[in-house]
Structure formats: C-alpha cells, structure tokens
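So you can see what is in the structure, the chains are spelled out below.
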Amino acid sequence: MDFFLQLLVSGIVVGSIYALVALGFVLIYKATGVINFAQGEFLMVGAYVCLALVSQLHIPFWIAFFLTMAVTVVLGMIIERLALRPMIGEPIISIIMLTIGLSSVLKCAVLLVWGPNNRVYPQIFSQVPINLGPIVISQVYIWSVGFAFLFLALFTLFFRYSSYGIAMRAVANDQQAALSMGISVKKIFALAWCIAFLVAGVGGVFLGNINVVNVSLGFFGLKVFPAVILGGLDSIPGAIVGGLIIGILEAMTGGYIDPLVGGGTKEVLPFVVLVIILMVKPYGFFGTEEIEKV
Amino acid sequence: MGVMLNVNNIEVIYNEVILVLKGMSLEVPEGKIVTLLGANGAGKTTTLKAISGLLKSEEGEVTDGTIEFMGEVINHREAEDIVKSGIFQVMEGRRIFKDLTVTENLLVGAHVRRDRENIKRDMETVFSYFPRLKERHKQVAGYMSGGEQQMLAIGRALMSKPKLMMLDEPSLGLAPLLVKEIFEIVMRINKEEGTTILLVEQNANLALQVADYGYIMEGGRVVLDGECEVLRNNPDVKEFYLGQSEAGKKSFKDVKHYKRRKRWLS
Chain A
5 MDFFLQLLVS GIVVGSIYAL VALGFVLIYK ATGVINFAQG EFLMVGAYVC LALVSQLHIP
65 FWIAFFLTMA VTVVLGMIIE RLALRPMIGE PIISIIMLTI GLSSVLKCAV LLVWGPNNRV
125 YPQIFSQVPI NLGPIVISQV YIWSVGFAFL FLALFTLFFR YSSYGIAMRA VANDQQAALS
185 MGISVKKIFA LAWCIAFLVA GVGGVFLGNI NVVNVSLGFF GLKVFPAVIL GGLDSIPGAI
245 VGGLIIGILE AMTGGYIDPL VGGGTKEVLP FVVLVIILMV KPYGFFGTEE IEKV
Chain B
183 MGVMLNVNNI EVIYNEVILV LKGMSLEVPE GKIVTLLGAN GAGKTTTLKA ISGLLKSEEG
243 EVTDGTIEFM GEVINHREAE DIVKSGIFQV MEGRRIFKDL TVTENLLVGA HVRRDRENIK
303 RDMETVFSYF PRLKERHKQV AGYMSGGEQQ MLAIGRALMS KPKLMMLDEP SLGLAPLLVK
363 EIFEIVMRIN KEEGTTILLV EQNANLALQV ADYGYIMEGG RVVLDGECEV LRNNPDVKEF
423 YLGQSEAGKK SFKDVKHYKR RKRWLS
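Going down the list, the protein sequences come from chains A and B. Under this note's numbering, the first residue of the first sequence is numbered 5, with each subsequent residue one higher. Under this note's numbering, the first residue of the second sequence is numbered 183, with each subsequent residue one higher.
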C-alpha cells in the first residue's frame with residue numbers, strides 16, 4: 005500500500021507537469037487549429053534558459069524563475085511574429101509542418117549554445133524529504149506540484165473571467181464572428197503562443213530540477229500527446245485530467261510492471277493508451293462534441 | 183440630419199477575379215433605418231462586409247470607390263478598428279459563440295469598449311429589451327432556440343454601443359411571430375438608443391414597413407432607391423418583391439399572360 009501511494013504521488017507530480025504543458029498545447033489547438041509539435045522544445049528551452057540564468061549568471065533561483073517566465077513570453081511573441089503570423093490563411097497542414105521545423109530549429113539552437121552534455125541544476129530545494137504519514141516526498145516535488153496547480157488554476161480563472169480569456173474562447177469558437185466583434189484575432193493568436201511557451205517553460209524549469217537537463221527533454225512533448233488525446237484535444241479541463249492520468253499510469257507501470265519485464269513499459273504505456281483512446285473515444289473524455297441542433 | 187455612412191461607387195473583387203459589386207453606392211442618414219433589399223447573390227452581404235471590413239478575412243477587396251463613415255474614409259481599415267469607430271455587423275445566421283454562456287457572449291460583444299464600468303448597466307439594458315436572455319443568462323448559447331440566438335446576436339451588438347448597427351437577415355429561419363417581435367425591438371432600439379440601422383432582408387414586405395429609406399440591389403449595384411412609402415407603391419417592387427400584381431391575384435388560366443419586365447432593365 006505504501007508503495008502504491010508513493011507511486012501515486014510521483015505520478016501526480018509528473019502528471020501535473022504534463023497537464024501544464026498540455027494546457028499550452030490545447031490552447032494553441034483551440035485558438036488556431038494548429039497542432040504544435042514544438043511544445044516539448046518550448047519546455048526544453050525554458051529549462052535551459054533558467055539553468056543558464058542560475059548557474060552561468062549566478063542569479064538567485066526565484067528571480068531567475070520569474071525572468072525565465074518573461075523570456076519565454078518574449079520568445080513566444082517572436083516566434084509567433086516571425087514564423088506563424090506570415091502563415092495565417094495558409095493551409096493548417098503547412099503550419100503543422102512548420103511547427104515540426106520549429107522544433108528542430110529550437111533543438112539545434114540549444115545544442116549550439118549549451119552543447120550536448122547533461123547538465124544539472126545546482127541544489128535549490130532542500131534535500132530533506134517531507135514525511136506525510138507513510139509516504140516520503142522530496143521538496144522539489146512539492147514545489148513542482150504546487151506551481152503546476154497554481155498555474156492551472158490561474159489560467160482557468162483567466163479563461164473564465166478575464167476579457168481576453170473570454171475573447172480567446174470566442175476566437176476558438178468562431179473566428180470570423182469574433183473578428184466582427186472587433187477582436188483582433190492576430191493578437192489572440194500571439195497571446196496563445198505566448199501562454200503556450202510560458203507554461204511549457206515553467207514545466208521545463210521544474211522538470212529540470214527533478215531530472216537532468218539535456219536535449220532529450222524535448223521528447224517530453226511527445227508524451228503530452230497521449231494526455232491531450234485522452235482529455236480531448238480542445239478541452240482545457242481535459243488537458244489537466246489527461247495529464248494527471250497519464251502521469252499516474254506511467255508511475256504505476258514503472259513501479260509494478262517494469263520490474264517484471266525488465267523495464268521499458270513505462271515509456272510505451274502512454275502511447276498504448278493513445279491508440280486505445282483513438283479507437284474507442286476519438287474525441288477524448290472532454291473533447292467537445294459539436295453542438296448541433298437537429 | 184447628416185449622412186452617417188456614405189458608400190460611394192465601390193467595386194469589390196473576391197480572389198482577385200470575381201467581380202461582385204459593380205459600382206455600388208448608398209447613403210445612410212444618421213438616426214434612420216435604411217434597408218437593402220435584393221435577391222440571393224445580389225451582393226447585399228458583400229456590401230455589409232465591405233463596410234465592416236470583414237471582406238479582408240475572406241480574400242475580398244474593395245478595389246475602387248470609397249466608404250466614408252462620419253466623414254472619414256474607412257475602406258482600408260482593419261475590421262477591429264472599424265468596430266471601434268462604431269460600426270457593428272450582426273452577421274447572417276446569428277453566429278453566436280456556441281460554447282460560451284449568454285453572459286459571456288454579451289461580454290465578447292463589449293470587447294472593444296474602454297468604459298468597463300458601464301458594462302454591467304448596459305447588460306441590464308440588453309436584458310430589458312430581451313427579457314428571455316435574462317432568464318437564460320447562464321445557459322450555454324448553443325443550446326438555445328433560433329429566436330433566442332437571434333436575440334442574443336442583436337443583444338451582443340448592442341453591448342458594443344454601436345453608432346451604426348448592420349443587421350444581415352435577422353429574420354432568417356424564424357417563425358413569423360418571432361420575426362415580428364424582433365423587428366419591433368429593432369425599431370425600439372433605433373428610437374430609444376438612437377442607433378442608426380442598416381437592414382439587409384429577404385422579407386421585403388416587413389423591411390419596407392420598418393425602414394425609412396430603401397435600396398434595391400440587383401447584380402452588384404443599386405437599381406432602385408427611394409422612401410419606403412414610395413417603394414411600397416412602385417409597381418415593379420410590388421410585382422417582384424412583394425408578390426402582388428396590379429390586377430390583384432394573377433390567374434394562370436389567363437392565356438395572354440405575359441411576364442412583366444423589370445422596367446429598370448431597359
């Protein structure tokens with residue numbers, strides 16, 4: 005039982021980061037209809053930027069963390085302006101291909117600047133674990149989960165109550181009608197890319213603190229696909245739930261099945277889930293089924 | 183009262199080849215209701231989209247002529263700036279945001295407003311015109327009936343406090359009783375809020391009763407215009423738009439039946 009709870013907790017931690025990255029992914033899909041294959045690379049860039057600020061420029065972690073958030077927003081803006089805005093009106097498939105190119109460019113840029121070696125964050129969070137009854141949680145896990153949920157809550161409130169959040173959902177619903185309300189669709193697109201980069205960057209910083217930082221962090225983006233497909237590609241609550249479920253499933257298989265077969269199932273399982281979901285419930289748990297009046 | 187909107191001899195081309203409007207002109211005086219009538223494909227909706235700037239989002243372009251609103255040329259402005267300057271188009275087919283609630287739909291309508299503090303009050307005004315929306319303000323808009331959606335579309339337009347509201351076929355697909363109700367509210371909005379209205383309609387009979395001045399379009403240009411009183415009594419309009427012929431009901435037994443020619447075709 006203790007082992008189960010332990011796995012559950014680490015599943016929730018990783019899952020909450022999946023949820024955060026998935027949020028950005030869903031946002032872009034909802035607002036612009038584009039599937040962003042560079043989401044994992046956004047995360048990687050976030051992890052590297054914060055690492056560079058902390059270990060190369062010796063800025064205290066929390067200041068570096070907020071600086072990283074600013075940097076990712078600016079990067080999101082630049083990418084949107086240079087790469088995506090000229091593509092407005094082009095076929096969606098071209099834009100999707102562009103995001104694949106973008107992911108390569110970002111990966112190479114990181115390799116160019118920081119090289120291929122593994123890097124680690126200096127000790128930031130206390131090593132002393134916290135005992136919650138039978139389970140032991142390291143402090144970095146608690147901070148990660150706390151921040152992930154904080155951001156998820158903030159964005160949920162943003163979409164529900166703020167004028168721009170509602171406008172974003174309106175654009176996702178009917179672009180031309182939104183245009184006729186005087187909403188600047190271009191601005192909304194830019195905002196979507198900024199937020200996507202921001203949440204991925206935040207996820208990257210915490211993931212980097214949990215694991216090592218290297219270019220393969222970008223593959224984390226691939227794991228987000230099962231999460232968003234499970235939750236429903238266009239649903240924000242779905243991204244959160246899907247992320248958590250995938251995180252927990254991964255931890256469970258890692259704990260229970262990997263020792264039996266000699267490892268590796270953990271990496272595969274999310275994609276098995278992906279295939280099953282696509283077969284039985286292609287819109288996911290929360291994906292909107294079109295409201296159609298008959 | 184001055185001319186609020188002046189569309190001067192515009193030409194609209196879609197996709198750089200399809201000429202849709204061929205020298206379209208019209209004037210909308212401040213505070214009045216003007217109606218634009220015509221058959222399908224005459225270019226009514228295109229005219230509205232040229233004014234509101236929505237053409238640009240569908241590969242259309244005003245290639246000639248000018249559109250002036252309150253003395254300023256607006257045909258090269260972006261849609262969002264045109265909405266800010268006070269023109270609001272209620273698009274054909276209602277186009278409400280299906281996944282948003284009624285209240286959220288109304289808030290989106292107020293997106294360009296700078297005076298955030300008055301929005302609550304204006305929402306009450308909208309609810310006073312459409313009490314049905316108040317009852318359903320928490321409901322997801324996609325599940326409402328067609329009539330309620332049309333009310334929401336007009337209410338949403340009101341939220342932006344437009345100087346000129348352009349309604350594109352508000353009667354589309356609604357029961358006659360509901361159409362009457364909506365037109366009465368449109369007239370009230372015109373009187374009480376002082377909103378100038380440009381109304382595009384297929385239902386010529388109703389439109390000519392509501393409006394002060396009418397334009398009739400055919401093949402991308404205006405073929406006839408005049409006070410609605412005059413238009414209603416014009417024999418051509420009666421025959422082709424109101425479905426009444428001079429001799430009352432036409433009998434198909436009549437052997438020497440001839441089809442009346444539109445006089446403006448010369």
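It cannot be assumed that every hint is accurate.
FRET-style restraints, in silico, Cβ to Cβ [to be verified]:
1) A:M5 x B:Y325: 42 to 48 Å
2) B:R370 x A:G150: 21 to 27 Å
3) B:P358 x A:I92: 23 to 29 Å
4) B:K266 x A:P133: 42 to 48 Å
5) A:R85 x B:K373: 23 to 29 Å
6) B:E375 x A:R85: 54 to 60 Å
A short list of chain B residues far from chain A (calculated; beta carbon distances all over 10 Å) [stated by the list, open to error]:
7) M252
8) G291
9) N300
Calculated directly from the structure, the hints in this document are not laboratory data. A quick note: this is a predicted structure, and the numbers were derived from the prediction, not measured. Quick reminder that beta carbons are idealized off the backbone N, C-alpha and C, glycines included.
Checked hints:
1. Look at M5 of chain A against Y325 of chain B: about 45 Å separates their beta carbons, and that is inside 42 to 48 Å.
2. At about 54 Å, the CB distance of R370 of chain B to G150 of chain A disagrees with the hint of 21 to 27 Å.
3. For the hinted restraint 23 to 29 Å between P358 of chain B and I92 of chain A, the CB-CB distance of approximately 42 Å leaves it violated.
4. Restraint check, K266 of chain B to P133 of chain A: a C-beta distance of roughly 56 Å breaks the suggested window 42 to 48 Å.
5. Range check, R85 of chain A to K373 of chain B: Cβ separation about 47 Å, and the 23 to 29 Å hint is violated.
6. With their beta carbons about 40 Å apart, E375 of chain B and R85 of chain A fall outside the hinted range of 54 to 60 Å.
7. Non-interface call for M252 of chain B relative to chain A: holds, since the shortest CB-CB distance, roughly 17 Å, exceeds 10 Å.
8. Not every CB of chain A is more than 10 Å from the CB of G291 of chain B (nearest about 6 Å), against its label as outside the interface.
9. Look at N300 of chain B: its CB is around 14 Å from the nearest CB on chain A, clear of 10 Å, so calling it non-interface holds up.
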